[in-house]
Amino acid sequence: MQLQLQAIIDALGGELHGDGRLTIEGLASLEAASPRQLSFLSNPRYQQQLGSTQAACVIVAPQFRDAAASRGACIVAADPYLYFAKVTQLWRKAQVVVPGPAIHPSAVIDPDAVIDPTARIGPLCVVERGARIGAHTVLKSRVSVGEHCVIGDRCILHPGVVIGADGFGFAPNAGAWEKIEQLAAVTIGNDVEIGANTCIDRGALQDTVIEDGVKLDNLIQIGHNVRIGKHTAMAGCAAVAGSATIGAHCTIGGRAGILGHLTIVDNVHISATSLVTRSILKPGHYTGVFPLDDNATWEKNAASLKQLYKMRERLKALEKAHDGAPVNKSEQ
Amino acid sequence: MQLQLQAIIDALGGELHGDGRLTIEGLASLEAASPRQLSFLSNPRYQQQLGSTQAACVIVAPQFRDAAASRGACIVAADPYLYFAKVTQLWRKAQVVVPGPAIHPSAVIDPDAVIDPTARIGPLCVVERGARIGAHTVLKSRVSVGEHCVIGDRCILHPGVVIGADGFGFAPNAGAWEKIEQLAAVTIGNDVEIGANTCIDRGALQDTVIEDGVKLDNLIQIGHNVRIGKHTAMAGCAAVAGSATIGAHCTIGGRAGILGHLTIVDNVHISATSLVTRSILKPGHYTGVFPLDDNATWEKNAASLKQLYKMRERLKALEKAHDGAPVNKSEQ
Amino acid sequence: MQLQLQAIIDALGGELHGDGRLTIEGLASLEAASPRQLSFLSNPRYQQQLGSTQAACVIVAPQFRDAAASRGACIVAADPYLYFAKVTQLWRKAQVVVPGPAIHPSAVIDPDAVIDPTARIGPLCVVERGARIGAHTVLKSRVSVGEHCVIGDRCILHPGVVIGADGFGFAPNAGAWEKIEQLAAVTIGNDVEIGANTCIDRGALQDTVIEDGVKLDNLIQIGHNVRIGKHTAMAGCAAVAGSATIGAHCTIGGRAGILGHLTIVDNVHISATSLVTRSILKPGHYTGVFPLDDNATWEKNAASLKQLYKMRERLKALEKAHDGAPVNKSEQ
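Chains as they are written, first to last, in the numbering used here: chain B, 377 to 708; chain U, 377 to 708; chain C, 377 to 708.
Accuracy of the hints is not assured; some may be wrong.
No copy is singled out in the list; a pair is fine if it fits within one copy or between any two copies.
Cut-off 27 Å, straight-line C-alpha distance, at most; resulting in silico cross-link-like pairs (BS3-like, lysine-lysine) [stated by the list, open to error]:
| # | residue 1 | residue 2 |
| --- | --- | --- |
| 1 | K676 | K658 |
| 2 | K606 | K658 |
| 3 | K676 | K692 |
| 4 | K696 | K682 |
| 5 | K469 | K555 |
| 6 | K686 | K676 |
| 7 | K682 | K692 |
| 8 | K696 | K686 |
| 9 | K686 | K658 |
| 10 | K606 | K555 |
| 11 | K682 | K658 |
Rather than coming from a laboratory, the hints here were simulated on the basis of the structure.
Please work from the sequences and hints to get the whole structure.
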């Protein structure tokens, strides 16, 4: 497929330098682009690639207008990465062939589910009774939406997603576990995207809630009664235990964990793999990861770590012995 | 839906204070309950909420009988949380509408599988030849049960569960990997619940075994030849490597990992995210998690951690230099 | 089922000591083997089990020929574990009953997908338009292969695998997220095995690539644009973030994580649970895991860890104060 530069400008705006009739046959990074492809420079760190790229045209910020225009066609946009995102959408739209049926005949839809006529339900999905699927929402293949769960408009659910399995709730009973039936459901807002094989459990007494614009990657686990605020993004394999409340505009790194019954305010950023064990009431960037090392060094440090509080005692004793008073007054 | 308090007492016992004809329209926490809802107090930490809750009736332990009765209807039970669990079950039972067919027509069942007539197989499940599904067991939608795997009675398998995929076994062969065929199966006891998208691999030579009453949350990985003892519960995203043996009545926190070929005795509790790297032969509570901190502080501590064994050497040298003898005799 | 020892020798070679007409009814470990079963000794650590095993026949290395032959039948092979792997394959082959149809009628195959006539597509799989499935490749039940994704020859994809869901790509846009359409696909080489519920995302601009002979366990997440080199093996629940490049012949432990845009060279081994946060340019074994301890000890050490860089400062001050010069000249 092909697009002329002028067609891109007509659709998305931006300031074109060069011939609008130039035909683009694909998108690529500066490094990989061929002379028929469109590229972009968003991170100034890569500006020297402007000189070497073979791209037919480069999307750049105003500060790189001259450098880009001197080497060939360019599109100047305030935010080149955002502009690039919109070009990918344009490209996708131009690619799409005749779509299949709105509800694939292999999907199993309960007669008491409500599916917006503009929604698309892919092959081998299951939508149970009382569930609602909003306008323009797409369920790719093999998605399960449980009883009474609600999905908003313009959502995308990737293959294998499970919405509304039972939350993990049991009361101890003489050494065994008594099931606590999960009587509530899942409510998902608009413009939410949910990655492959991700699971969002139904609430015990109140719905699990995913607010508008949330983006969840693959293989994520969201426990019952959790609430995730608007436009929070969570990378692959993250896990949120039951009844945690996460604010808006947070980013949760891949494989990060959040214990149950915690509160995380807006604009909190958790590094990959870290475990959040207490509420976070101040925006910021938080981390808890054992640093990687070659195995032999790690073994020595890990062994010492098991003595760390004893080392602290010994240090204190030494300070005291040294001159009758701590050398360093802080942290005693 | 509605239930009268007397109907609850008739079904579950307990000591009612107040009018048995009072109609309950739902269950909720003390904080969230409306005047038509039933709530419970199980953790004494929340006892002051007894005064402020709007709940129609509260389930309490004997010690809170007077406090609860003075504010309205209450049910006194020895274990309020367990009583509450049973009320959720009663509620679920009262809710259930006419059930669908025992085996959904979209499920793919091998003619050589044996399915108890009281079991229920949901939409788009796959049950392979030689598999057995016990009495009153429920496979929700999109569950796969592989060849010769056996599921006991009264189990619940949530959507996306995979029982009996091949264990991960390969022999190195001149830089490549030679597959070790996984010739055994999976045996699951009675009253086991398995969360969405959880995987339990078939054994190489002996079955992978999940004993009675085990509860597994979502997205858990159980490797081949593993054995999990009775009534052990495992939270979301936990992973158990091949040939590990886990005792009865253990709790394994979310995202915890257990290496292969280990033994963990009964009544062991592993904190979320921790990795078990050696056998645990003593009941107790075990943890191994890097504590979360703001990122800047974490960076400084993580950098120091990479010098920890050198710090230990320096500390020892300093102690020796100080007075010719260690200041602290322990741990030299 | 049964196999005579001579049939095994005829198929796989090896040096037989004992009666070739001896009938084997199964395979088992030395410890568990009954007198009708075949076993193997690959790890010399278990050589004393040679004396006590009841196995009908044991596969051993040349160094154990005499010890094994003195107790009964044995097969001598250069690499007993590899020989055993091949016996499991022989066993599987002998077991297989009449296979079902090449493409199960419940699978949903786009008319524009290309499926080799020798491939087998199991129940309830989805293969989208433009996808290609190579010769002798097997998709077990409930596998999704997205548009234009290519799977090589002799691959095995276990239930619930998702190939070609969208990579996780968004550009920030005034507090919300703008989707970056994922325009490339996934290319998988020959002899690749992919475990249950594992996800491999499609590339944004270039394909995600899994090279020949790679083995992935269950519940693994492979982000967009990742490349994994030949014969690398990855254990369950590992996760690789976008645009990472992993070399050939690596082993990645269970639950290990690899951040995005990194390079890992050939022959790197990452311990279970470790997080790789920087490129690894030297072959070797790398680890970063907080050691497990009883919870009380862990709490004390974790608390001290939060003071570690201050402890380092105090140690330095003490060294300086001691005699005007560091006691230990290294690492100042």
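- [ ] Can you give me the call for K676 and K692, within, between, both or neither, at a CA distance of at most 27 Å?
- [x] both (23 Å within a copy, 15 Å between copies)
Open item on the list: Treating 27 Å as the Cα threshold, decide for K682 and K692: within, between, both or neither.
Closed with: Classified as both; 18 Å inside a copy, 16 Å across copies.
Task: Intra/inter-copy verdict for K686 and K658 if alpha-carbon distance must be at most 27 Å - done: between (32 Å within a copy, 23 Å between copies)
Task: Intra- versus inter-copy proximity for K555 and K606 (alpha-carbon distance at most 27 Å) - done: Answer is between: at 16 Å across copies they meet the 27 Å cutoff, but 32 Å inside does not.
Open item on the list: Checking an output row: K676 and K658, CA cutoff 27 Å. Within, between, both or neither?
Closed with: Between copies, since 20 Å is at most 27 Å while 35 Å is not.
Task: Within, between, both or neither: K696, K682 at alpha-carbon 27 Å - done: both (24 Å within a copy, 22 Å between copies)
Task: Alpha-carbon proximity between K696 and K686, which holds within one copy, between copies, both or neither at 27 Å - done: both (15 Å within a copy, 16 Å between copies)
Task: Alpha-carbon proximity context of K686 and K676, limit 27 Å - done: Both: 16 Å inside a chain and 9 Å across chains, each within 27 Å.
- [ ] Please work out whether the CA atoms of K606 and K658 approach to 27 Å or closer within one copy, between two copies, in both situations, or in neither?
- [x] For K606 and K658, the Cα distance is within 27 Å only inside one copy (17 Å; across copies 42 Å).
Open item on the list: When Cα atoms must be at most 27 Å apart, do K469 and K555 count as within-copy, between-copy, both, or neither?
Closed with: For K469 and K555, only the inter-copy Cα distance (13 Å) is at most 27 Å; the intra-copy one is 47 Å.
Task: K682 and K658: within-copy, between-copy, both or neither at 27 Å Cα - done: between (31 Å within a copy, 18 Å between copies)
In terms of the numbered hints stated before, the structure departs from none.
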